[in-house]
Amino acid sequence: MAEKLTNEQQAAVDSRERSLLVSAAAGSGKTKVLVERLFSYVEREGANLDDFLIITYTRAAASELRGKIAKALTERMERDPGNYHLRQQMLRVYRADIKTVDAFCTALLRENCHLLGEDARGHALRPDFRVLDENEAQVLRERVLARTLDDFYGRLTTGGTLLADTLGAGRDDSALEDLVLELHAKLQAQPYEDKWLEAQRAFWRAVPDKIEDTPYGKILLNEVRRKARHCKNLLQRAAQEMCANDALNQKYAPAFLDASYQLEALEGKTAEGWDAARGVTIAFPRLAAVKDSDGGEMKARMKSLWDNCKETVKGFAEIFSASSDEAVEDLRTMASAMLALIDLTADFSRRYNEEKRRRNSADFSDQEHEAIRLLIGEDGAPTELARIVSARYREIMVDEYQDTNEVQNAIFTALSREGRNLFLVGDVKQSIYRFRLADPTIFLGKYRAFADYTRAAEGEERRLILSRNFRSRPEVLEGANFVFRSVMSADFGEMDYTAAEAVTNGQVVSLGNRIGVAGNDIAEGATGALHVTGVYIMDKKASEKITMGTPVYYDATADEITATEKGNVPAGYAAATAEASDATVLVNIGNPDGAPAVHNSLALKGEDGKVYDITVATGGTLKATERT
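Using the working numbering, the first residue of the sequence shown is number 7, and each one after it goes up by one.
These are calculated hints, taken from the structure and not from any lab test.
C-beta: ideal position from N, C-alpha, C; glycine also.
Don't take every hint at face value.
[Unchecked claim] In silico PhoX-like cross-links for lysine-lysine, where the CA-CA straight-line distance does not exceed 20 Å:
#1 Lys435 with Lys452
#2 Lys309 with Lys297
#3 Lys320 with Lys238
#4 Lys74 with Lys105
#5 Lys38 with Lys77
#6 Lys38 with Lys74
#7 Lys10 with Lys74
[Stated by the list, open to error] Restraint-style ranges between C-beta atoms, simulated for each label pair:
#8 Gln94 with Glu148: 49 to 55 Å
#9 Glu117 with Gly540: 51 to 57 Å
#10 Ala76 with Asp184: 43 to 49 Å
#11 Glu148 with Ala66: 25 to 31 Å
#12 Tyr159 with Ala282: 40 to 46 Å
#13 Ala152 with Lys192: 16 to 22 Å
#14 Glu140 with Glu332: 38 to 44 Å
I would like the entire structure built from these sequences, with the hints used as guidance.
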């Protein structure tokens, strides 16, 4: 059978009018969707391949994507050899803007660096500038920092002296060096460095009266809240499990529940403020004696869990060692040192930039910041150059959007047509470049702000989830879903891992009076795995709430799960509650009507329009044979 896009993939290909964010799980065919979307413009709307800016995050990814586009173009030309417009694209595919952010910025600067002007010392970036590799940049940073620190020590202020005394250990100032470089790296991830530095100065010049109103207090309170909730849930689940063992239920369970109630109280107090949370006392008394013969293996697990939670709670005492007033006073004591650190970092950054200009060179961060200067004016609006460059592109396509930082995002926004022509693809679960100061909260911000594509109004920015996996076996996916459901939440991982984000496998196949899930694509006359039991995420009828445990049915016409029995195929039961707003539902497929597990010679109409006879053998092996 010919490969066909799922309903969600097709929606991602066809969506127009406004920007689209695609949350694409691993193996969900995001590259295929990007390629198909590109060719939908070419074939349906007469666009050219070089009418698009396609951003990837590695050169290898850019090369691979260009190869896939070229392959797709070749296949289309073989099917339609007389199509002159397609033949034209063979020349355009190799000059299309499929590149990394760095490569785009390099090209933009070489064409337009004359617009940047000179720096404070009269140095200007020339079109033949050299891009420093990371090793060269590191050596240069170390040399400039050494000179900067020499001058810093030669004119120490009160704050500078406090800073040096706090971080210095004898003649070793490596701690201060590391801190300056770390702060400088953070600075490079900001689209407007001077504004960010001034915001930091403003905080230290006027430290708030309450620690919970500071960034540090908010982070610490959130950490306590998260850990308290986690330990509470662990203890309560453990107490529930111990109901199956009389000895542990009598001796351990009451202590577990009591500690969990105290943790719940702490969780609530964190919302009231620092001192309110600090005042909560949590007792972890010695557990009552239980014979090994009575507790068995469960006893050891429960004792280990108890000790781990106890150690976590001990850490709270260290966090709350000072009252709100005492903590604020400590911050104010260090304010002059922090202001000195900010000024030292700003001085280093200025000197480093001047040295690079003197050498007519730039590092990767420079290129992004200079691109912002070219594309965004002082008023925050796109420049004339931005409008000229934007006019070149029908759409800005960004792959791996979860690894974008604020600087790069500002560039994409400046190039877009007031946010109407951005196609953003990513998966926050695959964010791996935070150490490079990638900011997955940018992705999450749009994920929460954009409307679901099924309910978006005309012209409204929308999001779409590709959750169906076509790469991995169900056992792998079940394991991955279990891990992500266990660790991802709004507090930890910055989003809740719901049914909508989970990955699934295969296509639902209607087998007479029941359904199965194909474990792989089934070609004419081929065999494949058909799963007739197990838990799967499936598309759900819109605006219909399905409660956990209720029977559900498969509507073959709409290709979705519903609670409506009439005219539909029994599918199993809902393994979790799905709200009306949810696009998917967790289904435990099985044999709800008592029908036999094997159906033979069932007719299935293929995607190529032909009719196939489906044979299901023992073990769920499926064979499709074209009906003659």
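Outcome of the hint check:
For the hint pairing Lys435 with Lys452, the CA-to-CA distance comes to about 15 Å; that is within 20 Å, so the pair holds. Of the pairs offered as hints, the one joining Lys309 and Lys297 holds, with about 13 Å between alpha carbons and a cut-off of 20 Å not exceeded. A distance of roughly 15 Å separates the Cα atoms of Lys320 and Lys238; the hinted pair therefore holds under the 20 Å criterion. For the given pair, Lys74 sits about 14 Å from Lys105 by alpha-carbon distance, which is consistent with the 20 Å threshold.
Using a Cα cut-off of 20 Å, the hinted pair Lys38 and Lys77 holds, with the two alpha carbons roughly 12 Å apart. This hinted pair checks out: Lys38 and Lys74 have alpha carbons roughly 9 Å apart, not beyond 20 Å. In summary, the hint linking Lys10 to Lys74 is supported, as the alpha carbons are separated by about 17 Å, within the 20 Å threshold. In this structure the supplied range 49 to 55 Å holds for Gln94 paired with Glu148, their Cβ-Cβ distance being about 51 Å.
In this structure the hint that Glu117 and Gly540 lie 51 to 57 Å apart at CB holds, the actual value being about 56 Å. The supplied range of 43 to 49 Å is met by Ala76 and Asp184, whose beta-carbon atoms lie about 46 Å from each other. The hinted range of 25 to 31 Å is satisfied by Glu148 and Ala66, whose Cβ atoms lie roughly 30 Å apart. Distance hint check: the CB atoms of Tyr159 and Ala282 are about 44 Å apart, consistent with the given range 40 to 46 Å.
Roughly 21 Å separates the CB atoms of Ala152 and Lys192, a value that falls within the hinted 16 to 22 Å. For the pair Glu140 and Glu332, the beta carbons lie near 43 Å from each other, so the given range of 38 to 44 Å is met.
Hint violations for this structure: none, all hints satisfied.
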